[in-house]
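A.B. asks: Residue-level listing of the chains:
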Amino acid sequence: MNITVLLSMVPDLVEELEIDASGAALDTQWLRYVISESDDHALEQALLLKDRHGASVSVMALDYGDADQVLFAALARGADEAVKLTGIPEAGLGKRAAAATFKEALGGIRTDLILTGVQAIDDLDAHVAGMLGGMMALPYVGVTRSVEPSGEGKVLVQKEYPGGAAAEIEVTLPAVIGVLSAPQPPRYVPVARIREVMKTRTLDEREAVPATVPAEPAIIRLFKPESAEHAQMLDGSPEELAEQIVKILEDRGLAP
Amino acid sequence: MSPAGQDVWVHVEHLKGRVAGHTYELLGKGREIADALAGRLIAVLVGSGVRPLAETLAADGVLYVEDAGLAEYTPGSHAAVMRALVEKEAPRAVLFGATSMGMDLASVLAAALERPLIVNCVNLQVRDGRTVATCQMCGGKLLCEAEASGPVVVTVMPGSFPAEAGLAKSPPPVEAVPMPATLETVGMRAIRLLEPEPGDVDITKSAVLVAVGRGIQRQDNIPLAEELAGALGGTVCASRPVVDQGWLPMSRQVGKSGMMVKPKLYLALGISGAPEHAEGMKDSDLIIAVNSDAKAPIFDIADYGIVIDMYDLLPALTQALQGRKA
Amino acid sequence: MTPMRELNWNIAEHKLIYAVFLPFLIVFLWGVFVTMRRWLLGRPDPRWDRLWERLVGVVAQAGVQFRILREAYAGVLHATLSWGFFVLLAATCLVLLQEYLGLPTLQGPFYLYFMSLVVDLFGVLALVGTGMALLRRWVLKPKRLVEPRGSDGYSVLLVLIFVILASGFVVEGLRIVATRDPWGAWSPGGWLFAQAFLGMPQEGLERLHRISWWGHAVAAFAFIAYLPFSRAMHILVAPLSIFFRSLEPLGRLPAGGGAGAEGPGASSLRQLTWKHLLDLDACTECGRCQAACPAWLSGAPLSPKGLVLDLRDHLRARLGHSNGGRAMVGDVITREVIWSCFTCGACHEMCPVYIEPVPKIVEMRRFLTSQGDVDATLQDTLTATSRYGNSLGQSPRARARWTQGLDVTIKDIRRERARYLWFVGDYASYDPAARDATRAAARVLHRAGVDFGILYDGESGSGNDARRVGEEGLFEMLVEKNLATMRGCEFDEIMTTDPHTYNTLKNEYPRFGATWPVVHYSEVLDRLVQPDGVRLTRKLSRRVTYHDPCYLGRYNGVFDAPRRVLRALGAELVEMPRNRRSSYCCGAGGGRIWMKEAAGIKERPAESRVREAAALDAVGTLVVACPKEMAMFRDAVKTTGLEDRLVIKDLAELVEEATTLEVSGHA
Ligand SMILES: Cc1cc2nc3c(=O)[nH]c(=O)nc-3n(C[C@H](O)[C@H](O)[C@H](O)COP(=O)(O)OP(=O)(O)OC[C@H]3O[C@@H](n4cnc5c(N)ncnc54)[C@H](O)[C@@H]3O)c2cc1C
Ligand code: SF4
Ligand code: SF4
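If you read the sequences in order, they're chains U, W and D.
Going by our numbering, 252 is the number at position 252 of the first sequence; the sequence numbering is gapless.
Basically our numbering = 1-based index in the second sequence + 256.
Basically our numbering = 1-based index in the third sequence + 582.
This is chain U alone, in the form it adopts within the complex:
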């Protein structure tokens, strides 16, 4: 099986997020990028398939943020090949443009299974995976917690539902899967191995083919939720407090 894993970098939430002067974008000067968490799981899922059933795993990323670092780390973890799509603006692309760019790049590659994270945290249209499925007109299942081969040209995926339930769905390849989590957490790759890989391997750099996408929704402003710092304190007698709590739960659909 040939698996392609698409990796995206997203802002690291460990750093305080700053909004730029326009008020509608993150200030990239202060950004630190990390691999998107669900992409990390998608890679792990691919590597598990490789370990358990044999597969060739190729990873692909757009050239912004720490793409090199992320791709080399993927090679160190066990990916067979790493493709870097160059010619990307410094701040990356919107998710739809990213999906379209990946689609163009995937055109020339023989791949049975495209795995990527079900969502990236940093955009309005976070679902690269689903949009790619839609654009490529391939079968698409998202929010998976496991992917297993299932007979010739098929995989069996578990799609998560709330409350711990899941659906088992058989998908015909080629297909796109939006991974939520791999059956086990992403493996650790020792620093020495990454360094070794950086010395001995090279990234396959390819010029990204510019993709046209429909006008995206316009961002009016970005802002921080106000009550992020301290809890909103509730006051009153025990009965009043109980009532207020019940109300909060009701508002969130959490009341029994």
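Errors might be hidden in some of the hints.
Restricting the straight-line Cα-Cα distance to at most 30 Å, the calculated cross-link-like pairs of lysine-lysine (DSSO-like) are [to be verified]:
1. U:K50 to W:K461
2. W:K520 to U:K224
3. W:K538 to U:K224
4. W:K461 to D:K1121
5. W:K397 to D:K1184
6. W:K397 to U:K247
Calculated from the structure, these hints are not laboratory results.
Knowing the structure of chain U, use the given hints to seat chains W and D with the ligands on it.
C.D. replies: Frame of chain U, contents of chains W and D with the ligands only:
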């Protein structure tokens, strides 16, 4: 009669013969949007043998697609149907829940039909004829306000709007639509539904956690917390000192050396909020902290805080919840 | 008449002894050969430097047995038994000198005073020691001997030794009676035995003498032949393990086996060094390491003795090809065992034969880490450390956030020269429990006019613990990052608050070219409170106890500076039973602070420690000099319910208390 081009559609999510709660929230909000756009509010119900579900939906009309092949949900089959319908009727806005099902459908649909996609919305309104959405980004650390002047596909966070307005007082008109798409090419097949393993207390899987800390004081008090958890349909978990005392098993410990949890509700009772504990629960969707000390750090990570002796609050709260259920 | 004794009296056929000895000797040599051949399985490790120092060590520890004698009962029994044996062996050799070289060792005063009296007394001592040992094994049964498994092999040996000693005295006693030896009383042991044979007919005496003479000889030979296959092998191997002991500081972990085909670290015996393998045969199974091991005492599955013995069995089975395909890492030594170690070094300190468990454990960790085989929390920590340069996974930009709101400004040493570069470390920078102490230290140093600066966000974690969990690559990356920044700064000395950081900066950074002197802040405070330093007029009249951090005390020998500071403050220092070199680990070291607690822990090391402190009479303060301890002990006083008995204070906080009091006293 307004042109279909201004209609607001709500995808009806259902599993095991029940409509998901957030669908009503979407209908309630959809009503406002549709009115503002001077369009109709249409609920789209896709499945097999689920027609009775339509009766609960507060909408101007229900499009009902019935096909044996749709009995078990798969993203492929439902997306194919939704796509064909949307392509044909061209509604202005299509709303999905930001849920496992909604995410799949919305993203595939938006891409296939080249419509803008806005996800994880917590608010929606119409301003000067444009759809304006506020959505969560970066793990809730940021909110983004965005607008779309034309057709749009939106996913909405469950719990963002009240559900009442979406519950039909009288059954809406239902239009049975012939199966608009073929399922032969969707490339997937539902095999079975996996239920969570019963009896197995995996607190990481619990949507509601009632967490007790040293403030609980004695083992005899654990049942009080259990009663409350029962009333909430949740599970009791604990900080380390409580587990250390042997009052609850290790599998219930939250924090650095315990479990990492991310429930929808984390009700922290008598927990100071030490970083080792916070590490394991700070990403919970909603944190309500009860502590007798106003300076307890737990209040820095909680959404709501109450300074009170937990024993004054517990009985009242349990009662209020039970009363509501009854 | 000159005192003397006839050589080989009554044993006409004594030459036969060589023929009898031969088979025993062959077995012995074979055993020694087999044992030593096993060591050659290991990889090279040069240990031939500083020969003189090595020899002195052998004399002190194998000869005089200083370490063994740290314990009364076990020390005395071992010393009497072994010295007795040495002396008897020496005497036997002296007899041979008379027989073959004609040296008159069995005549005159030398015979009387040494060969009779002294040797005999040593024989008696050995007999007493044997009795004590048997009593200990059969009746007293201290835990550390029987857990995690017993060492029954010693009983056979002890009985054999008893037989040899007793038969020796019987032979002597019979000779004294039969030859009516006028100097018989000069051999008190033999003389005592002789009393039993008084009145026996001469012929019977002589027959019995011959029988017991041969019996004695054969028993001794049997002992020799059995030695390489028995627990007694330590008699030969222990001096070697002492001779070849590591002369490097404990805090300088040896480089690993390197990345061979099997990857870095040690997954098999072959990847350990020959010295590691020799250690396995040197172990006496005394269990001293185990009795001091915080992992074992807290209920974790690791016992350093158990580890050594399991490895030894594996080594022996391996050559017998009967190891059943068991892997060294995972089967023989389980992951739980490998990850349980705090690298506190107590086992190194205790071992009478200088066995080194920590490097072995770290080698196995290196292997596991290279395979990504680490527990989830540790993995998060390592990922965070490689990403952010700190183990707490926080923003590197926030590293100096603790300086905010401080009423003093701290030099940015990247821009301004200072005498001390204060390398703050991860915990002291980020951990809320530790940050107060860090602030206190900053204020105290500032007030005392100490010229220091910090690296601000140019500092990364030192990597001490990354190295100890086996993440060598991460360690090197951190070293390179830190050195790149530090090389651009001007300063004379490095100061640290964290003993772990102190250790690696001092012992391990030099390999990368960092040659600056490194001091701990307790040493700087010590300089300050000396008569010509800051004056602390107001005395703290508290009874306090002080916890020696493993990485400061045992690892680097800094014991007195913090104590002097405490005394200078006026505090009354009461020592805990486990102090200085035998200090008990707080449970944070070796990367354990990053890992999930092992299942089945009975009492965490920190809890045991705060109980120890709280048990001291009228001591209300436990003083620490390490930011990690703050978190560990503050937690432990809560879990043990000792919150109102004991407060945990950092040394700097106490100094500040004294100076603040002084200031407010003037106001
Ligand atoms: C290495 C390490 C790992 C750790 N791992 C974990 C872990 O995994 N999980 C964990 O939880 N902890 C962990 N800890 C321990 C952690 O530091 C705290 O000690 C612990 O979380 C404190 O638990 P607590 O909040 O229940 O107790 P406390 O800190 O004692 O807080 C009790 C709180 O209850 C309040 N209270 C008391 N009575 C009442 C009342 N009647 N009504 C309302 N409020 C009341 C008090 O005001 C106080 O804030 C770890 C510590 C270390 C050092
Ligand atoms: S270093 Fe400490 S914890 Fe590790 S084995 Fe030795 S005594 Fe035990
Ligand atoms: S390793 Fe050393 S201290 Fe431990 S049992 Fe063996 S000889 Fe004794």
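A.B. asks: Of all the hints numbered above, which does this structure not satisfy? Sort the numbers upward.
C.D. replies: Hints 4, 5 contradicted; others consistent.
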